[in-house]
Amino acid sequence: DSGVTQTPKHLITATGQRVTLRCSPRSGDLSVYWYQQSLDQGLQFLIQYYNGEERAKGNILERFSAQQFPDLHSELNLSSLELGDSALYFCASSPLGGPFFEQYFGPGTRLTVT
Amino acid sequence: AQSVAQPEDQVNVAEGNPLTVKCTYSVSGNPYLFWYVQYPNRGLQFLLKYITGDNLVKGSYGFEAEFNKSQTSFHLKKPSALVSDSALYFCAVREGTNAGKSTFGDGTTLTVKP
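So the sequences go chain by chain: E and A.
Quick note on the working numbering: the first sequence kicks off at 60 and runs consecutively.
Quick note on the working numbering: the second sequence kicks off at 5 and runs consecutively.
Do not take every clue at face value.
Below 25 Å or equal to it, Euclidean Cα-Cα: the simulated SDA-like pairs (lysine to any residue) are [claimed, not checked]:
hint : chain 1 : residue 1 : chain 2 : residue 2
1    : E       : Lys-68    : A       : Arg-46
2    : E       : Lys-116   : E       : Pro-129
3    : A       : Lys-53    : E       : Leu-155
4    : A       : Lys-62    : A       : Ser-88
5    : E       : Lys-68    : A       : Pro-44
6    : A       : Lys-81    : E       : Phe-159
7    : A       : Lys-53    : E       : Pro-166
8    : A       : Lys-53    : E       : Asn-110
9    : A       : Lys-53    : E       : Pro-154
10   : E       : Lys-68    : A       : Phe-108
11   : A       : Lys-81    : A       : Asn-59
Beta-carbon label-pair distances, calculated as ranges [claimed, not checked]:
hint : chain 1 : residue 1 : chain 2 : residue 2 : range
12   : A       : Thr-115   : E       : Ala-73    : 33 to 39 Å
13   : A       : Tyr-43    : E       : Gln-100   : 19 to 25 Å
14   : A       : Asn-45    : E       : Leu-142   : 20 to 26 Å
In short, the hints are calculated from the structure, not lab data.
Note that the coordinates shown come from a computational prediction; the quantities given were computed from them, not determined experimentally.
For glycine and all other residues, C-beta sits at the position ideal for the given N, C-alpha and C.
Please build the complete structure, drawing on both the sequences and the hints.
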């Protein structure tokens, strides 16, 4: 158990809908990362937050947004969902935001868009 | 732009034999290199990292990796494979100048046969 929690574990929704994925980092970790894992794209970095502020952006679509709250939990919002958004979404955390810290991954949220 | 290549989709070894999972990288600055393992239906788990110093780094579960700057490689090794090592292995790179963004390889499936 990494100490990173993600809810829900599974989510099934229809095209065009909006969903929110939630992540609680390990106790004491200030940085949160979001990743998308799919068979055709592999593991893609979406976005990083550090202590409430956006730190780095990866291949995140404009339909997707995220935020980190004062209690350090984070939410990833996915809107106008398409079939291609079906994937496993991981949250990870690290103590600080620098490049030399390993990341601790949550168990993931499996999103299925029908 | 940073990139990671794992040239082998699959590696098969017999239990008790040494194993190597290959990784090469490309960055414009100093590389920070990581190996993670993913078991079915689980999040990624950190194995080891190279930040600076000794080119041979040791990590969890008896794994080690050798950083080779001239060949831009960071191969994962283990002297004696176990059936329980069977999993999906990811190499990742972060660059010192781009703190948040992690780039992961496509993963290598390691199968250890009894």
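**Request:** Mind listing which of the numbered hints don't hold for this structure, in increasing order?
**Result:** Hints that this structure does not satisfy do not exist here, as all of them hold.
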